[in-house]
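If you read the protein sequences in the order shown, they are chains A and B.
Here full-length UniProt numbering is used: the first residue of the first sequence is 1, the next is one more, and so on.
Here full-length UniProt numbering is used: the first residue of the second sequence is 1, the next is one more, and so on.
These are calculated hints, taken from the structure and not from any lab test.
Heads up, some of the hints might be wrong.
Said to hold, decoys possible - For lysine-lysine, the following BS3-like pairs were computed, each having C-alpha atoms within a straight-line distance of at most 27 Å:
(1) B:130 x A:191
(2) A:195 x B:62
(3) A:322 x B:66
(4) A:142 x B:72
(5) B:62 x A:322
(6) A:183 x B:130
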Amino acid sequence: MKMTGARILLECLKREGVDTVFGYPGGTVINLYDELFSFKDIRHILPRHEQAGVHAADGFARATGRVGVAIATSGPGATNTVTGIATAYMDSIPLVVITGQVPTALIGNDAFQEVDIIGITRPCTKHNFLVKDVKDIATIIKKAFYIARTGRPGPVLVDLPKDVQIATAEFEYPEAIELRSYKPTVEGHPKQIEKAVSMLLAAKKPVMYVGGGAISGDAAGELTALATRLHIPVTTTLMGLGSFPEDNPLSLKLLGMHGTYFANMAVTNCDLLVAVGARFDDRVTGKIATFAPHAKIIHMDVDPTSIRKNVRVDLPIVGQVKEVLGRMLKSLDESGDKVAAFHTAIEPWLAEIEGWKQKHPITYKQASTVIKPQFVIQKLRELSDPDAIVATDVGQHQMWTAQFFGFREPRTLLSSGGLGTMGFGLPAAMGAQAAFPNRQVIAVCGDGGFQMNLQEVATLVQNRLPVKIVILNNNFLGMVRQWQELFFDKRYSQTCMELPIDFIKLAEAFGAKGFQATKSDEVEATIKKAFETPGPVIMEFKIAREEKVLPMVPAGASLNEMVLNA
Amino acid sequence: MRHTITVLVENEFGVLSRVAGLFSGRGFNIDSLSVAPTNDETISRMTIVTRGDDQILEQISKQLNKLIDVIKVIDFTDGEVVEREMALIKVTAEDSARAEVLRIADIFRAKIIDVTPKSFTIEATGAPAKIDAILELLRPLGLKELVRTGPVAIGRGAKALKG
Numbered sequence: 001m002k003m004t005g006a007r008i009l010l011e012c013l014k015r016e017g018v019d020t021v022f023g024y025p026g027g028t029v030i031n032l033y034d035e036l037f038s039f040k041d042i043r044h045i046l047p048r049h050e051q052a053g054v055h056a057a058d059g060f061a062r063a064t065g066r067v068g069v070a071i072a073t074s075g076p077g078a079t080n081t082v083t084g085i086a087t088a089y090m091d092s093i094p095l096v097v098i099t100g101q102v103p104t105a106l107i108g109n110d111a112f113q114e115v116d117i118i119g120i121t122r123p124c125t126k127h128n129f130l131v132k133d134v135k136d137i138a139t140i141i142k143k144a145f146y147i148a149r150t151g152r153p154g155p156v157l158v159d160l161p162k163d164v165q166i167a168t169a170e171f172e173y174p175e176a177i178e179l180r181s182y183k184p185t186v187e188g189h190p191k192q193i194e195k196a197v198s199m200l201l202a203a204k205k206p207v208m209y210v211g212g213g214a215i216s217g218d219a220a221g222e223l224t225a226l227a228t229r230l231h232i233p234v235t236t237t238l239m240g241l242g243s244f245p246e247d248n249p250l251s252l253k254l255l256g257m258h259g260t261y262f263a264n265m266a267v268t269n270c271d272l273l274v275a276v277g278a279r280f281d282d283r284v285t286g287k288i289a290t291f292a293p294h295a296k297i298i299h300m301d302v303d304p305t306s307i308r309k310n311v312r313v314d315l316p317i318v319g320q321v322k323e324v325l326g327r328m329l330k331s332l333d334e335s336g337d338k339v340a341a342f343h344t345a346i347e348p349w350l351a352e353i354e355g356w357k358q359k360h361p362i363t364y365k366q367a368s369t370v371i372k373p374q375f376v377i378q379k380l381r382e383l384s385d386p387d388a389i390v391a392t393d394v395g396q397h398q399m400w401t402a403q404f405f406g407f408r409e410p411r412t413l414l415s416s417g418g419l420g421t422m423g424f425g426l427p428a429a430m431g432a433q434a435a436f437p438n439r440q441v442i443a444v445c446g447d448g449g450f451q452m453n454l455q456e457v458a459t460l461v462q463n464r465l466p467v468k469i470v471i472l473n474n475n476f477l478g479m480v481r482q483w484q485e486l487f488f489d490k491r492y493s494q495t496c497m498e499l500p501i502d503f504i505k506l507a508e509a510f511g512a513k514g515f516q517a518t519k520s521d522e523v524e525a526t527i528k529k530a531f532e533t534p535g536p537v538i539m540e541f542k543i544a545r546e547e548k549v550l551p552m553v554p555a556g557a558s559l560n561e562m563v564l565n566a
Numbered sequence: 001m002r003h004t005i006t007v008l009v010e011n012e013f014g015v016l017s018r019v020a021g022l023f024s025g026r027g028f029n030i031d032s033l034s035v036a037p038t039n040d041e042t043i044s045r046m047t048i049v050t051r052g053d054d055q056i057l058e059q060i061s062k063q064l065n066k067l068i069d070v071i072k073v074i075d076f077t078d079g080e081v082v083e084r085e086m087a088l089i090k091v092t093a094e095d096s097a098r099a100e101v102l103r104i105a106d107i108f109r110a111k112i113i114d115v116t117p118k119s120f121t122i123e124a125t126g127a128p129a130k131i132d133a134i135l136e137l138l139r140p141l142g143l144k145e146l147v148r149t150g151p152v153a154i155g156r157g158a159k160a161l162k163g
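Taking the hints into account, I'd like the entire structure generated from these sequences.
As structure tokens, then:
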């Protein structure tokens with residue numbers, strides 16, 4: 001049957017199982033929106049800014065493991081998506097972003113609302129397409145989803161000129177797609193996997209270092225099985241939080257710049273580091289030369305470019321971590337009593353780690369009246385549902401959440417790890433809530449990041465998305481202020497946001513509810529009240545203004561050179 | 001260290017800027033890059049000459065492989081590869097210098113492809129070092145204009161590189 005390009009696009013999305021898209025209309029996608037008007041199989045959510053639309057699609061993808069979809073018009077609509085796309089790219093989140101483009105005859109003419117979005121997004125997409133013929137739409141969309149979700153996932157942009165949306169063609173959706181130039185490795189090399197198992201069993205001081213790859217690769221089950229079977233301590237990156245339950249005694253929690261003392265000491269002293277879907281980011285390694293100086297390194301990753309990018313690796317394994325860990329488990333089944341011997345051999349190591357845990361647990365000084373942000377996060381954990389999803393913005397509150405929430409399940413923390421995008425938290429929570437209308441979704445923000453995308457409270461209200469928003473308000477751009485305090489002689493250049501914004505009235509202006517807590521003993525009641533109130537709610541906590549995120553490894557220092565108290 | 005990298009890519013618009021963008025995005029310089037379709041018209045072949053230590057080159061090669069449109073990447077090391085480059089050289093040639101220019105062209109088996117009373121234009125092909133050598137001899141005579149293609153490279157032996 002002949003259809004317009006716009007209709008073909010929607011049919012393709014439906015075939016890919018897309019039920020929710022986040023998009024913003026405009027001149028070059030008006031035909032697409034006209035088709036959407038009567039297309040009942042796809043729910044469309046209208047954010048108040050395209051950047052937020054892409055973050056919402058990203059939050060949807062992070063929470064569900066499915067491909068998030070966002071739509072924007074050409075020109076400014078398209079350029080507004082760039083921060084969202086770059087955020088997803090840095091964290092390997094599968095997205096398909098569809099942008100309108102001026103008619104093909106006008107491309108390159110500086111037409112109204114024209115921009116070379118293919119050129120602009122080339123360095124921050126996994127791949128992108130300009131569709132020049134209506135007949136190509138179906139194949140390109142099929143390819144876009146395939147590329148976005150396979151291998152190392154990532155965002156794919158499809159630029160769709162207006163005339164291509166209007167033109168008609170026969171609709172036929174390809175069953176499968178074959179790209180001769182793109183064949184991600186799934187299975188790890190069997191010999192390398194065998195070698196990894198024997199290296200593990202020979203280790204006396206092993207540590208697993210787990211990144212977001214374990215979550216995007218759905219490998220949390222295998223990871224937990226392997227670690228608990230062998231009694232290997234596990235530390236995770238920010239992106240890896242939730243892949244291994246933090247209430248497990250083997251958990252070392254977060255490592256790196258704001259990681260725990262015991263995680264960083266364990267990495268510094270280990271003799272074998274098993275990196276699982278992690279990429280040795282500089283926020284994790286600190287000074288490269290002294291990172292895991294005594295360790296042999298096994299690195300498993302689906303993306304070969306991650307391996308040996310930053311550190312020397314003794315044993316690389318390219319493949320999907322789920323597959324690789326699964327095979328390691330199988331191989332252990334056949335290794336007989338070696339496992340028992342290994343348990344005995346690593347006992348002193350586990351005792352040493354326990355000593356570090358006792359010496360410097362992750363903690364803070366509670367105050368009598370002033371609200372400590374860490375206390376708010378702990379109370380949130382205590383009072384929220386076990387399967388609550390937490391999205392954060394970027395800054396101090398993000399690190400306090402990472403340190404004190406205690407994530408136990410994959411896909412329950414949504415945070416911009418790689419790009420560090422302020423303004424991410426609220427729209428990401430919005431996307432997760434759209435995916436899971438009945439789960440508790442919490443957005444933890446600072447006062448700075450919240451103000452970057454606060455207009456999305458309107459979207460929450462309009463679409464009945466009951467996100468509970470936490471603002472840890474210190475009237476500072478807290479993380480930068482912390483750096484200025486520690487490394488710039490307290491010269492607080494432009495980090496003070498003194499304007500006393502009334503966030504309660506702001507919530508009400510949007511048709512939401514708002515509650516404020518200024519004292520420590522109001523925290524619990526405020527959270528309870530917010531959780532009991534239907535619909536979106538802003539909870540504002542006036543927190544200790546100069547509270548710092550500690551411990552901290554100063555940028556460029558070694559992991560064991562931590563500032564524990566300041 | 002100098003590396004000659006051959007990249008087979010889909011013959012589609014935008015691929016060249018993806019490849020070039022990989023280098024520029026990391027601040028790496030490309031000494032030369034030549035590209036044209038192969039005997040299979042859906043595939044283009046690029047020859048890229050660049051410099052860097054082994055670690056950098058390993059990354060470049062992996063990153064190139066990661067591009068969706070890239071079918072194959074080969075980093076040739078010396079000896080395994082035959083390289084050829086073409087240069088068009090416009091040189092001042094008056095009076096007694098005319099004979100000298102002709103002699104140099106002859107020695108290098110270069111062709112004179114345009115002549116005026118004051119100049120010769122020479123077409124020279126060969127390994128990049130040979131082009132360097134002829135230029136060194138012609139430069140003192142008055143080099144007016146130079147255009148080089150950058151090398152193209154093909155592996156030695158009977159084995160062919162296919163997409």
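Here is what the structure says about each hint:
Between the alpha carbons of residue 130 of chain B and residue 191 of chain A the distance comes to roughly 47 Å, so the proposed pair goes past 27 Å and is violated. Under the criterion of a C-alpha separation no larger than 27 Å, the hint pairing residue 195 of chain A with residue 62 of chain B is consistent with the structure, at around 23 Å. Taking the CA atoms of residue 322 of chain A and residue 66 of chain B, the gap is near 21 Å; set against the 27 Å cutoff, the hint holds. In summary, the hint linking residue 142 of chain A to residue 72 of chain B is supported, as the alpha carbons are separated by about 23 Å, within the 27 Å threshold.
Annotation: proposed proximity of residue 62 of chain B to residue 322 of chain A holds, straight-line Cα distance about 22 Å (limit 27 Å). Using a Cα cut-off of 27 Å, the hinted pair residue 183 of chain A and residue 130 of chain B is violated, with the two alpha carbons roughly 40 Å apart.
In summary, the numbered hints that this structure violates are 1, 6.
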